[in-house]
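Colleague: Listed here are the chains, written in short residue letters.
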Amino acid sequence: MQSEDLAKALAPVLGDRVLGVEPFAKTAGRVRFRADAALDVFHAVKETLGFHHLSMVGGIDWVTHREVFYVAWSDALRQYILLSTDIPAEAPHIESATPVWPAANWHERETWELVDITFDHHPDLRHLLLPDGYTFHPLLRSFKLHEPEELEVKKRSV
Amino acid sequence: MWINMGPQHPMTHGLWNLRVKIDGEVILDCDPEMGYLHRGIEKISEDRHYNEVVTLMDRTCYVAGLAWEHLYILAAEDALHIVPPERAEYIRTMCEEFQRIGSHLMWYSAFVQDIGLMTPFLYGMRDRDLVLDLFQSYSGARMTYEYMRVGGVRNDMPPGFTDHARRALDWLSDRFVEYDRLCLGSDIFRKRCDGLGVLKANDCVATGVTGPMLRSAGMKRDLRRDRPYSVYAQLEFDVAVADAADVTARYLVRMEEMRQSIRIIRQVLDWLDRHPGPVLADRLPRWLGAPYAPVGKEEYVLKRNYPKGVGLSSIEEPHGEAQAYVVNEGGEHPYRVKFRSPVFANISAARHYLIGYRVADIPPIMGSVDVCVGEVDR
Chain X
1396 MQSEDLAKAL
1406 APVLGDRVLG
1416 VEPFAKTAGR
1426 VRFRADAALD
1436 VFHAVKETLG
1446 FHHLSMVGGI
1456 DWVTHREVFY
1466 VAWSDALRQY
1476 ILLSTDIPAE
1486 APHIESATPV
1496 WPAANWHERE
1506 TWELVDITFD
1516 HHPDLRHLLL
1526 PDGYTFHPLL
1536 RSFKLHEPEE
1546 LEVKKRSV
Chain A
2 MWINMGPQHP
12 MTHGLWNLRV
22 KIDGEVILDC
32 DPEMGYLHRG
42 IEKISEDRHY
52 NEVVTLMDRT
62 CYVAGLAWEH
72 LYILAAEDAL
82 HIVPPERAEY
92 IRTMCEEFQR
102 IGSHLMWYSA
112 FVQDIGLMTP
122 FLYGMRDRDL
132 VLDLFQSYSG
142 ARMTYEYMRV
152 GGVRNDMPPG
162 FTDHARRALD
172 WLSDRFVEYD
182 RLCLGSDIFR
192 KRCDGLGVLK
202 ANDCVATGVT
212 GPMLRSAGMK
222 RDLRRDRPYS
232 VYAQLEFDVA
242 VADAADVTAR
252 YLVRMEEMRQ
262 SIRIIRQVLD
272 WLDRHPGPVL
282 ADRLPRWLGA
292 PYAPVGKEEY
302 VLKRNYPKGV
312 GLSSIEEPHG
322 EAQAYVVNEG
332 GEHPYRVKFR
342 SPVFANISAA
352 RHYLIGYRVA
362 DIPPIMGSVD
372 VCVGEVDR
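Which chain is which? The protein sequence lines are X and A, in order.
If you read the first sequence in the numbering used here, its first letter stands for residue 1396, the second for the next number, and so on.
If you read the second sequence in the numbering used here, its first letter stands for residue 2, the second for the next number, and so on.
Since the hints were derived computationally from the structure, they do not count as laboratory data.
These numbers were taken from a predicted model, which means no experiment stands behind them.
Keep in mind that the hints are not guaranteed to be accurate.
Quick look at which bits of chain A chain X covers, simulated, 3 or more residues with Cβ under 8 Å [what the hints assert, rightly or not]:
| # | region |
| --- | --- |
| 1 | 34 to 40 |
| 2 | 204 to 210 |
| 3 | 319 to 329 |
| 4 | 335 to 346 |
Just the calculated beta-carbon pair ranges, DEER-fashion [unchecked claim]:
| # | chain 1 | residue 1 | chain 2 | residue 2 | range |
| --- | --- | --- | --- | --- | --- |
| 5 | X | 1412 | A | 245 | 40 to 48 Å |
| 6 | A | 276 | X | 1412 | 44 to 52 Å |
| 7 | X | 1539 | A | 221 | 41 to 49 Å |
| 8 | A | 196 | X | 1518 | 26 to 34 Å |
| 9 | A | 119 | X | 1529 | 35 to 43 Å |
| 10 | X | 1408 | A | 245 | 33 to 41 Å |
| 11 | X | 1458 | A | 143 | 39 to 47 Å |
| 12 | X | 1411 | A | 4 | 49 to 57 Å |
| 13 | X | 1486 | A | 356 | 34 to 42 Å |
| 14 | A | 191 | X | 1397 | 47 to 55 Å |
| 15 | A | 143 | X | 1536 | 33 to 41 Å |
| 16 | X | 1536 | A | 221 | 39 to 47 Å |
| 17 | A | 40 | X | 1457 | 23 to 31 Å |
| 18 | A | 356 | X | 1407 | 36 to 44 Å |
Glycine included, each C-beta is placed from N, C-alpha and C at the ideal position.
Take the sequences, apply the hints, and build the full model.
Modeller: Dropping the structure here:
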């Protein structure tokens, strides 16, 4: 399936909730969708197009805004699809994909703690890789690698 | 009652904590706690040159370093619009298949020891050393190889390597009878493994479980066949499957995978004998970092002029389906690197294959998952 076929298949189901479909790497295509219609898009991609297997969820901090992306696999098409949406950096939140793909559970926990994107109605949004009570989000661009280390060295030498 | 199995527990094979809620011996609930080995590899990658990330890949999964290097390199080459020579692709494929044998033998040794068989552990470790010797002969290292480069591999095979590798394969292919007699012929093994940790194909797909666990449930999904990358489309092999979806079925799948890996490597070795050639692409940008091209053949490309790109690669790693997502925003470092670890998803489904079994069943079940904590925590 090419990105044009993908756009044709999605248009009648989702209408203007899809902002665009473009070719992406070696996948069926990248679907950019409106963040407030996330659950509808997940449902349509899973049930209508048959992408039953969610591979990963991740986030990118673009400083001006943040991007959430989902990669899903279809056994019938033998292809991946990439779903992505932009959300504002001020209050970054999006509906959780766990009702559609239970596999999203841990991936969303990880994205929440590392990229600071809140997943609404997630069943169990706790720290996964970082210690409980950790307030930093290391994969944000504002988190610089060297500063915390230098501070610690200074403390010890005093 | 909730009890902790870990972070220091013989069952964990790494550093993680399995909290289990028990009633007597029966498991009512469980909650894996990860993160003890989190080193922030995705974050560190944003501060490294493209070739320097390869070093981190060996540390991501320390029993399947070359497979993870391959995964990252495929995505990075897509993001940087670089095409490697064909010989390099064959060498990488061979590396990945040898790594699959090495990783599965490591799993075999650790797993059988969990259920109380000491002899197979020694046999597995002995044979894994043959694979490590081969890695050492061309990369110089037995665990952290740093062998692959964006645009190819670091160096070609030493003279006589293919014959040496064939002798090792001859030895390995005769060993499976021995392994099977030690395990499948043992009453202890069958009683501790048959019918345990069942995870049906539907649950596997819903919870994102891949790799030998998924194939042991009768689903014939293997990215090497379904979505061939590198040179897998030119190679002949069968996808190993089993039906029972239990611990024994996962054992059978992994054993068959090793046999198929040997079959693949023999074809690759024949190809390598017939097709000498370069193993690194010419004229690679200098800012890729680390040794990259023959002296005098580097290309001075200003990094701000370099085209942007993204790469998404998926490979069938020894543990399952791994993915890398590399964003090249034109700088000399990747803007964002994201990895999908197969074991991460396989452990996240622990509730589905542990609840209802007994505490003493946890070591064989978790052993059959083949946990590598390095790649879960990254």
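Colleague: Please flag the earlier hints that this structure goes against, numbers listed from lowest up.
Modeller: Of the numbered hints, all hold.
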